[in-house]
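Sequence order for the protein chains is A and B.
End of the first sequence = 306 in the numbering used here, gap-free, step of one.
End of the second sequence = 318 in the numbering used here, gap-free, step of one.
There's no promise every hint is true.
[Stated by the list, open to error] Pair ranges (Cβ atoms, derived):
(1) B:111 x A:294: 20 to 30 Å
(2) A:212 x B:138: 29 to 39 Å
(3) A:294 x B:60: 15 to 25 Å
(4) B:130 x A:41: 35 to 45 Å
(5) A:224 x B:61: 45 to 55 Å
(6) B:60 x A:212: 31 to 41 Å
(7) A:13 x B:114: 16 to 26 Å
Simulated from the structure, these hints should not be mistaken for laboratory data.
Glycine included, every Cβ here is placed at the ideal spot set by N, Cα and C.
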Amino acid sequence: MNSLMAIFRFELNRILTPGRVFWWVVVAAFPVVIMLLMMNYLQPPRGATQENINTFFTIALYFVAPTVSCMLGALLIAAPAVASELEQHSWTYLAVRPNGLFHLVLGKYLVAVVWAASATIVGVTVAVAVAGIEDPGDAQELNQDDTVVAATDDRAVRRGGRFPGETATDVVPGIVATGEVGRAMVGLAILSACSYSALYIMLGTLFHRRAMVLCVAYTAAVELFLGFFPAVINRLTIQYRLRTLLFDWTTQSDEFRNSGVLDFVSSDESAFMQVLWLVSWTAVFLAIALVSVHVREFTSASETDV
Amino acid sequence: MTSEYLIELDHVTKLYGTVIGVNDFNAQLKPGAYGLLGPNGAGKSTLLNLLIGQLVPTRGTVRVLGQSPRNNSAFMKKIGFCPGFEGLYATTTGLDWVTLLLQLHGVRSRPARARAADCLALVGMSNDMNRPIATYSRGMRQRIKLAQSMAHEPTLLFLDEPFSGLDPVGRTEMTNVLNDWIGLGNSLIIASHVLHEIEALTDSFLLICGGRLLASGTASEVNELLFDSPSEIEVDCSEPYRLASVLMDRELAVSISVEQKSHGGDTVRLRTLRAGQLWSQLPDLITRNGFTVTRVRSADDSLQTLFNSLLKIHRGEI
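Next up, chain B with everything else stripped away, as it sits in the complex (with noise of 0.2 Å):
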């Protein structure tokens, strides 16, 4: 790798006639784990199949590991995908399809059936693996998929919706697998629109929408750019109607609810829509009114709360 970056993107634009798939992308990854995140049809495939060298881009340039992924063969030798669409053969064994595979990086027949067997060991599939991929599970097919990418040891790792139609173990399953796998020193881009899937592998993400970045960082980092939208805060509270009442007077709450707790206490859930001021002001406020507060939270730490929030700023809902 000639290149400190993973993947640089300068200025790539893909159209499909008059649509815009991904739109005047700029990004410079270092190697490690990203999770692409992004709603159905905003470019995440797309952007793949660029990086992968399926897609030419219209503008721009995409060089991933220092290379131009386009046609290039000693690229293939270092990456696997895992695509979001199934598109295997229905009466071949899941062994013989992995193996074949194998055998295009120019593994001879023997090892590359032995290597393919100790993938789909790895994934769970040593039991099914003799059997037509037509009488697999979607599940099945899933770990198979993710065989077939992991199998040639490649150091770069693309998956496109990988624990699509998996059962909850076997999305455990595979987390622990691509966590290992990370920890080896790999690199891996995966995208999907389930954030909880992205944030087991992962703190680092790049968000698009409409083809666009919207953001990208780890978790806090895009926080940060949310200092000043809106956001719900909960406050524990021995006097939640005062606080409540103080809030609303200084207009640093719209809305805001008092819970009982079960095992006592009372909870303020405020929501505001300049999280930064609140954030800072709220100590200074505590102290000068001699509130008692045991536990303050954001309510909506999640990365779901971040994606929403960052589209609703790229949309001008905020």
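Just chain A, with the same shape it has in the complex (with noise of 0.2 Å):
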């Protein structure tokens, strides 16, 4: 454990860079900015419930914070993690200490968790409280003709509800009953900092050549487009276990339950068994890196002088 933390630390150290702080900012920023824009630019279609505002919101949120920032923080981290020290050469250091390579890999392994949940944890927090509107309730229900019939909470108005009398297309809501979906996303990005950086330490040690490059192929192909396959494959996608859980979590309109979407990009297991195949697979793709590094020769003939 005293090994382990030590690599923890200075790689935690190392990281702090004004280059790797900047991405910090630039990835926890992310999510604030695409709800600032959806908030003043987006204009929600005529007839649209507060209820489906609010779910278009929250999932909005979903792709950015808990899938795009943390899959890019974790990317950033995790899929250099081996490739790196075998580039600079400063991995037979490491790997010449009792257990080094073990601790080498789950160290880094927790840097690039701590980094990717952070970033998108704070991004999250702040995006919440951009977006986030009082539950209108009674203080926006809505007459006939779609206005407002009254507004009884100034801030409620000021932070992105609608003055009486304005209709829905006026102005776009923010998203309701911001302490669920806020606990919901900050679950949603601890487990994806923890799931993706393990899936891509896993791709980092297996293609240590083309690291990143594979690990953006593999993003793309499998988690953001076989992810939303509606098939059998997509069970087999963090993504897939992370959305059902976004919808155990939070509340969603009947509108949207009711149209079979679902069915299509979720299951209707519970919502444990979704964190235990996030935890087996985190666990599956570390011991598969730890196996790699221990198994596999990285000295090259080039590093060996022959």
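Put the complex together from the two separate chains, hints included.
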């Protein structure tokens, strides 16, 4: 444990460079910027209910934060974890220590998790604060002509609600029930960071020469394409499990729930099972990475003067 | 250690695809200090990587300290390795780097830092250990590499070209550090293509070329292998030209030159194809012709000559 924490602290210090901190800020700011853009430039369709808009914003926030931000964060740190050590020839110093490679891989994994999760959680927290509105309830009861009956809470109005007499097309509402959405997003961010970091560590270890390229290609082809493919194959993706948790942990509009979309993009298994799937995959990915670094010979001919 | 041998290599071959790194290598070495000699590309680093478990032999078995070195944590605790390449983190300080590597041996943070500082002082880096490694000269980085290999007090040290980049003063200092370390009863394998670096540490060596072991043992033992090989000999003699003539008549020398010394006296420098034959006949020849000989010595009794001669034998040039 001492060795693992030593690697963790050392690697955490190493990534605190201006360049890496800049990327951390970019990853954290991404969901906030997207939410601001959506609030200011998207017009909700006429007749959309507060529940519909809330569901849309929640799904959008899930896609930009625990999905894109977390993926990007994990990708930047986890994918080159092994390749960078090999490229700068620092690998051997660590490999000749007792369980050195075990500690190296797990230490870098923990750094990737902390880095990706922290950026996403900060991003989600700010984004929810920016996009959140008080539950309109009575405050934004709609008239037959889709205008607001009355506003009892100025704060709700100021933060995205509609003024009395305004129509749904005049302003874009934000997220209702920010507590529920915020908690769900933080939980998903942590699970996403753990799962994707393990996935990228494994891919980066197996294919260290083109780690970043391969991880990006895998993410696009498997997680973002097959993950949304309405077939059995999508059950093998991290996205599928995270998405199921999203729909389990947040409230969606009746229209959305009755549309049948959920049958194709999420599982009907319990949330516990989804977490179990993610934890199991994380363990399998890390185990493959650890076996790989212990079985393979990373010292190449060019490094050995032959 | 269950074996009496420090290192046991049994028909070890290492292939990189179709390229041979080490070729049917056999050796049994008892604890001590050994030099691994060979030109660039001879397979020294491959052999070192096999010995520290970073490479797996394509054929044969490697045992070091009585154990298989591959993925062996107990073994890793006992060895130190100073690689030929640098591979140091540029933004990290020398002290932080050595401290981290000590912590990977299970040493807690504070004692690791103290031990790292002591070790860096040993290699003359006290004043610079808190600077980022990027600001170090090549010689300083060599010292850092040496410090990290010794910091956890291993019993066996593997050094790959450890003096590369060091100035003469640095070489002397590091040689002294290593000699002290050997004096404590520790073992050492040092790979180099510069012979005098090894001669300063040990007279036991393995000479390799093309991935093969050409010779092993002390310099004198290997010299015996060269009994009938070409050699240069210097003879300080009162009648150099007559001596030269006699040697040529008996076909004991293939070339002879006479040099006048600045303080008087002459030296006959001769080259022979059969050194052993010359050494056995020379005393009788001197006595019978009444030469006054004040000194006879091999002109090239350094390891460099030995090395060159063995390489020529290996290449079939002799």
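Do the hints match the structure? See the list:
no.: 1; hint: B:111 x A:294: 20 to 30 Å; result: 29 Å, holds
no.: 2; hint: A:212 x B:138: 29 to 39 Å; result: 31 Å, holds
no.: 3; hint: A:294 x B:60: 15 to 25 Å; result: 21 Å, holds
no.: 4; hint: B:130 x A:41: 35 to 45 Å; result: 52 Å, violated
no.: 5; hint: A:224 x B:61: 45 to 55 Å; result: 49 Å, holds
no.: 6; hint: B:60 x A:212: 31 to 41 Å; result: 38 Å, holds
no.: 7; hint: A:13 x B:114: 16 to 26 Å; result: 19 Å, holds
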